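Working from the sequences, and respecting the hints, build out all of it.
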Amino acid sequence: MSNTTFPFKRYTITSALPYANGPLHIGHLAGAYIPGDIYVRFLRLNAKDVVYVCGSDEHGAAITIKAKKEGTTPQAIIDKYHTQIKDSFEQFGISFDIYHRTSEKIHHELSQEFFLNLYNKGEFIEQVTEQYYDEEFHQFLADRYITGTCPNCKSEGAYGDQCEKCGTSLNPIDLINPISTLSGKPPVLRETKHWYLPLDKYQPWLEKWLLEGKKDVLKPNVYGQCRSWLKSGLQPRSMTRDLDWGVDVPLEEAEGKKLYVWLDAPIGYISATKQWAIDTGNDWESYWKKQPDPTDDACLIHFIGKDNIVFHCITFPSILHAHGEYILPENVPANEFLNLEGDKLSTSRNHAVWLHEYLEEFPGKQDELRYVLTSILPETSDSEFTWKDFQARVNNELVAIFGNFVNRVLVLSHKYFDGKVMPATQLTDTDRLIFSELERYPKHIAGSITQFRFREALAQFMNVARLGNKYLADSEPWKLIKTDEERVKTVLNVSLQLAANLAIMAQPFLPRTAKRMFDMLNFSAVGWQEAGSNALLPAGHQLGEAQLLFEKITDEQVNVQLAKLSQAKEANVKEAKEVPEAKSNVVFEDFVKMDIRAGKILAAEKVAKTKKLLKLTIDTGIDQRTVVSGIAEFFSPEEIVGKQVSILVNLEPREIKGILSQGMILMAEDADGRLDFVAPQTTVQAGSVIR
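Position 238, counted from 1, in the sequence shown is what the numbering used here calls 334; the numbers after and before it change by one each time, with no gaps.
Just so you know, these hints were derived from the structure itself, not from any lab. Some clues are possibly wrong.
Unchecked claim - Below are the EDC-like pairs computed for lysine to aspartate or glutamate, each with C-alpha atoms no more than 16 Å apart in a straight line:
| # | residue 1 | residue 2 |
| --- | --- | --- |
| 1 | K315 | E260 |
| 2 | K566 | E493 |
| 3 | K385 | E209 |
| 4 | K201 | E426 |
| 5 | K648 | E426 |
| 6 | K739 | E701 |
| 7 | K385 | E421 |
| 8 | K702 | D651 |
| 9 | K281 | E232 |
| 10 | K105 | D145 |
| 11 | K665 | E734 |
| 12 | K311 | E426 |
| 13 | K461 | E647 |
| 14 | K660 | E493 |
| 15 | K261 | E647 |
| 16 | K386 | E421 |
| 17 | K402 | E260 |
What the hints assert, rightly or not - Each pair of labels, with its calculated beta carbon distance range:
| # | residue 1 | residue 2 | range |
| --- | --- | --- | --- |
| 18 | K648 | T524 | 32 to 42 Å |
| 19 | T779 | L285 | 46 to 56 Å |
| 20 | A621 | N492 | 25 to 35 Å |
| 21 | E186 | A621 | 18 to 28 Å |
| 22 | A699 | Q331 | 32 to 42 Å |
Keep in mind it's a predicted model, so treat the numbers as computed, not measured. Using N, Cα and C, we set each Cβ at its ideal position, and we do this for glycine too.
Okay, here's the thing in structure tokens:
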């Protein structure tokens, strides 16, 4: 039996607020929602007091950009996608206590209350700065209304807050050759006043609370990213924006300004809980605020994706700390990114498996997707979803092992004993060994779940199914029935006890399947404390009707999905054939300042702890030098040694990941984002000038 203990009296669990400018895809599920749902279901099976909250994030520049592109209003955009996302979650079975939205009045009021609390305490720095302004549209530009060349990786199309190629966090003024996404023209700098949260002031506290206090608590990928941010030194961050969509800044002098979305969005967790408490007659403060006795404080856990780590581990905790009345997150078990069919998931390129489409095209197969995504969760590093792997895992594991075992046990029990559980009259050493192993599994699974190792927990759960499948195959009751009916009674009793345990332990991972198993076994759902028992179904118990739990995924179904992705890729290529507008003219004297040479790659190696960077040694004809290049996603070190390249040799050297990079390799980027070398077609001498 499981003896898992929980140190907190109540739990507040959140999953990242999905942004209401598009539908959900499997990357979202793998990042925040399946892990959060498994954990919450497990807590409930252990009779813990838990509230699980989420909602649509409905503010920020991206919403207004989407509305402008579609010729509609921000309100129409958020209404459309909130409804779609909420429906998808409900159909998929994510067990939120409330799915709220940040456009609600209760959320605006609470966000403004937070701002005024910090403002009245003097926590903000009021600062007049120069920010980009679009003279044609007569408005200041939020971060996402500005694009340009990333100063870090030199990729074009970086946003004013982040480069999506290399992941670097940016300020708009960092961009090279910035362009307004509204007019397509370079913006100008104008003065504007904003209120900044002094993250640098909280850095000593963060280092103590986070780096010292959470060193053995946070997952290595989460801790490492936080340590890197703190090591580079925090800077004040503006908590207000010049926008016409969002939560009003509650100050007379701030008319027309809105709260920064990353101030109001995480407060959405609290406002959702507050609304849930109103709806159900609960006390929301006991789930969020510090209690007179600290041992009564709730345990706050955020389930998020990699891109939200900094906001949930540094920005939001700093806001809560500055406010003073609220608990801090106990853990933030963030996952890395899920890739798709050898490429990154991309909403803009339609390279995704959309949840609402999956639910339509694979009706009744929610648990199949839950199973496959849980088995490949990117818990500490990126992982990949492919349709062939989806098919293999469903057919070879769910159908052939789990479903096969449960179906055979039920069918044989109905065939031989009219669907009744027979007594286990004489247990053999093999039977006792099965029960001994069974008793250990709930504790092991529970330990993995409480440590947020969901892949490991699911694998151990499937090992119980494997144990039962092998036991039944080795015992061969369909042969024994001819010579030893008493032994068959025992074999089926042992197998049915295993099946009943599987029903209990399936609840966090495969809730729809678990419910069907309880119905088939005519067995009421029970808590985790009952798992591991060898006497769940008493002798004489009448079983329900046997049904197939899973069906095989066909080649035709997989091919349809692969064709959809291929068609999206072709559409992107077709769309990209439209040649981008030329950049502004430069004078010849500016061009000749660039010293571009033919070079040769002498050596190449991956840069440690990065996914995209290679360290190259280049023969430039002038010298041999080191260049760090973001091409590791497309080329392995081994395949490019000896290649000719074009290298800008007089680019100002700069340090990247502790390596001094002395130049830049010229690359061509196709419609799919694929990079290739710009190089001479025939062999030329290293150092040859490219004119």
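Here is what the structure says about each hint:
1. K315 <-> E260: violated, 23 Å
2. K566 <-> E493: holds, 13 Å
3. K385 <-> E209: holds, 15 Å
4. K201 <-> E426: violated, 29 Å
5. K648 <-> E426: violated, 41 Å
6. K739 <-> E701: Holds, at about 14 Å.
7. K385 <-> E421: holds, 6 Å
8. K702 <-> D651: Given pair K702, D651 is violated - Cα atoms ~37 Å apart, limit 16 Å.
9. K281 <-> E232: holds, 9 Å
10. K105 <-> D145: Holds, because 7 Å separates the two Cα atoms, which is no more than 16 Å.
11. K665 <-> E734: violated, 28 Å
12. K311 <-> E426: The given pair, whose Cα atoms are some 12 Å apart, holds under the 16 Å limit.
13. K461 <-> E647: Holds: K461 and E647 sit about 9 Å apart, inside 16 Å.
14. K660 <-> E493: Violated. K660 to E493 sits at ~26 Å, over the 16 Å cutoff.
15. K261 <-> E647: Given that 16 Å is the threshold and the Cα spacing comes to 40 Å, the pair is violated.
16. K386 <-> E421: holds, 6 Å
17. K402 <-> E260: Holds - the C-alpha atoms of E260 and K402 are around 13 Å apart, at most 16 Å.
18. K648 <-> T524: 32 to 42 Å: About 34 Å separates the Cβ atoms of K648 and T524, which means 32 to 42 Å holds.
19. T779 <-> L285: 46 to 56 Å: For T779 and L285 the Cβ distance comes to about 48 Å; the hint holds.
20. A621 <-> N492: 25 to 35 Å: At roughly 28 Å between Cβ atoms, N492 and A621 fall inside 25 to 35 Å, so the hint holds.
21. E186 <-> A621: 18 to 28 Å: Between E186 and A621, where Cβ atoms are some 20 Å apart, the hint holds.
22. A699 <-> Q331: 32 to 42 Å: Given about 37 Å between the Cβ atoms, the range holds.
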